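Enquirer: Next come the chains, spelled out residue by residue.
Protein chains: 2
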Amino acid sequence: MTEHDLLDVAIKEARKGLTEGGVPIGSAIMDAQGHIVGKGHNLIFQTKDPTAHAEMCAARTAGIRNDWQSFTLATTLSPCLMCSGLITFYQIPRIIIGDDTTVPGARNTLSRHQISFEILNDPSCIDMLQTWIDENPKKWAVIEGHEHPNN
Amino acid sequence: MTEHDLLDVAIKEARKGLTEGGVPIGSAIMDAQGHIVGKGHNLIFQTKDPTAHAEMCAARTAGIRNDWQSFTLATTLSPCLMCSGLITFYQIPRIIIGDDTTVPGARNTLSRHQISFEILNDPSCIDMLQTWIDENPKKWAVIEGHEHPNN
Chain F
1 MTEHDLLDVA
11 IKEARKGLTE
21 GGVPIGSAIM
31 DAQGHIVGKG
41 HNLIFQTKDP
51 TAHAEMCAAR
61 TAGIRNDWQS
71 FTLATTLSPC
81 LMCSGLITFY
91 QIPRIIIGDD
101 TTVPGARNTL
111 SRHQISFEIL
121 NDPSCIDMLQ
131 TWIDENPKKW
141 AVIEGHEHPN
151 N
Chain G
1 MTEHDLLDVA
11 IKEARKGLTE
21 GGVPIGSAIM
31 DAQGHIVGKG
41 HNLIFQTKDP
51 TAHAEMCAAR
61 TAGIRNDWQS
71 FTLATTLSPC
81 LMCSGLITFY
91 QIPRIIIGDD
101 TTVPGARNTL
111 SRHQISFEIL
121 NDPSCIDMLQ
131 TWIDENPKKW
141 AVIEGHEHPN
151 N
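As they're listed, the protein sequences go chains F and G.
Take the first sequence: its letters are residues 1 to 151, numbered as in the UniProt record's numbering.
Take the second sequence: its letters are residues 1 to 151, numbered as in the UniProt record's numbering.
Bound-form chain F, shown alone:
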């Protein structure tokens, strides 16, 4: 499974979120053998859980592990500081980012922790989220959060 294949799994998750009436952001985690070990999508509106970012939901499905350091995580939107904190806490070494134009995310934090990341800026990630934001500005304002430029 390539980086693009893994991002495709994350995009499918984002689409699931959209069909559920949520914000379309998805994430997927694969192990060193290319097997999916976790996937999920933003569930903030579906579950009223303010921590339910896509990366968090993907990690939840992966469960308790001691092999995080062999994983790659893909996410359709650049991870915020909370999700980057999750990534550095368990030392997931490699991140595939589908879109860092809508939100820059905490790339400085990933760099500071020697997490390798690739930014693909895939049009389907960008367009899907941007369309949702244009149609749901008030909902987006509630979940957008504060992103410090030095994150």
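A couple of the hints might just be wrong.
Each pair may be met inside one copy or between any two copies, as identical chains are not told apart.
To be verified - Mimicking EDC-like on lysine to aspartate or glutamate, the simulated pairs with C-alpha atoms at most 16 Å apart in a straight line are:
no.	residue 1	residue 2
1	Lys12	Glu144
2	Lys48	Asp67
3	Lys139	Asp67
4	Lys139	Asp100
5	Lys138	Asp5
6	Lys48	Glu144
7	Lys139	Glu20
8	Lys139	Glu118
9	Lys139	Asp49
10	Lys12	Glu118
11	Lys138	Asp8
12	Lys138	Glu3
13	Lys12	Asp100
14	Lys12	Asp31
15	Lys16	Asp67
16	Lys139	Asp8
17	Lys48	Asp127
Hints in this document: simulated from the structure, not taken from any laboratory.
Remember, predicted model here, so these are calculated numbers, not experimental data.
With the hints as your guide, set chain G onto chain F.
Expert: The following block gives chain G in isolation, referenced to the frame of chain F:
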């Protein structure tokens, strides 16, 4: 409700975790009027959710809000980078830390984001967790995570 009262709610949560067979770390959130709006304890072992740190669980019970900026969060253990990321994302301005001797947490991140924090180093927080760690070294190794000194 004072800082110590709020920390007491967090300590009660930590004790609940202990009775459930989990790691005793608790958290509580109060609003500007001193009402508890969220509380929770670490549920990693109870629910096999690697993101279920006490602060995350407390925020989950608070739900979707637009008034995070008037809250104070107490936690029995200094928050890691993931939980500090949650705090900065929603801009919770004030944190009460029961113990920063067992784990230093991401205090630099809190400072960088102008989050005010008080470190109480309450013996009941420190002793309860340290006793658990001494009795459960293998479990602690699984959930300890990587804490960079510059966090």
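Enquirer: Indicate, hint by hint, whether the structure satisfies it.
Expert: Hints versus structure:
For the identical chains of this complex, Lys12 and Glu144 are neighbours neither inside a copy (22 Å) nor across copies (32 Å), given an alpha-carbon limit of 16 Å. Taking CA atoms no more than 16 Å apart as the test, Lys48 paired with Asp67 passes between copies only; the shortest distance there is 15 Å, against 30 Å inside one copy. In this assembly of identical chains, the alpha carbons of Lys139 and Asp67 lie at most 16 Å apart only when taken from different copies (15 Å versus 36 Å within one copy). Taking the closest pair of Cα atoms, Lys139 and Asp100 never come within 16 Å of each other, the shortest separation being 20 Å inside a single copy and 36 Å across copies.
Taking the shortest Cα distances, Lys138 and Asp5 never come within 16 Å of each other, neither inside one copy (33 Å) nor across copies (36 Å). In the homo-oligomer, the alpha carbons of Lys48 and Glu144 lie at most 16 Å apart inside one protomer (14 Å), although the nearest pairing across protomers, at 28 Å, exceeds that limit. Within a single copy, Lys139 and Glu20 get their C-alpha atoms as close as 14 Å, which meets the 16 Å cut-off; across copies the closest is 36 Å, which misses it. In this assembly of identical chains, Lys139 and Glu118 lie within 16 Å of each other by CA distance neither inside one copy nor across copies; the values are 29 Å within and 33 Å between.
For the homomeric pair Lys139 and Asp49, the shortest alpha-carbon distance inside one copy (14 Å) is at most 16 Å, but the shortest distance between copies (27 Å) is not. Taking identical chains as interchangeable, the C-alpha atoms of Lys12 and Glu118 are never at most 16 Å apart, the minima being 19 Å within one chain and 43 Å between chains. When the C-alpha separation of Lys138 and Asp8 is checked against a cutoff of 16 Å, the pair qualifies neither within a copy, at 28 Å, nor between copies, at 36 Å. Proximity of Lys138 to Glu3 under the C-alpha cut-off of 16 Å is found in neither arrangement, the shortest distances being 33 Å within a copy and 34 Å between copies.
For a Cα distance limit of 16 Å, the shortest separation of Lys12 from Asp100 qualifies neither inside one copy, at 18 Å, nor across copies, at 41 Å. Taking identical chains as interchangeable, the C-alpha atoms of Lys12 and Asp31 are never at most 16 Å apart, the minima being 19 Å within one chain and 38 Å between chains. In the homo-oligomer, the alpha carbons of Lys16 and Asp67 never lie at most 16 Å apart, since the shortest distance is 27 Å inside one protomer and 29 Å across protomers. Neither within a single protomer nor between protomers do Lys139 and Asp8 lie at most 16 Å apart by alpha-carbon distance, with minima of 25 Å and 35 Å respectively.
Taking CA atoms no more than 16 Å apart as the test, Lys48 paired with Asp127 passes in neither setting, with 25 Å inside one copy and 35 Å between copies.
The structure is inconsistent with the numbered hints 1, 4, 5, 8, 10, 11, 12, 13, 14, 15, 16, 17, although it conforms to all the rest.
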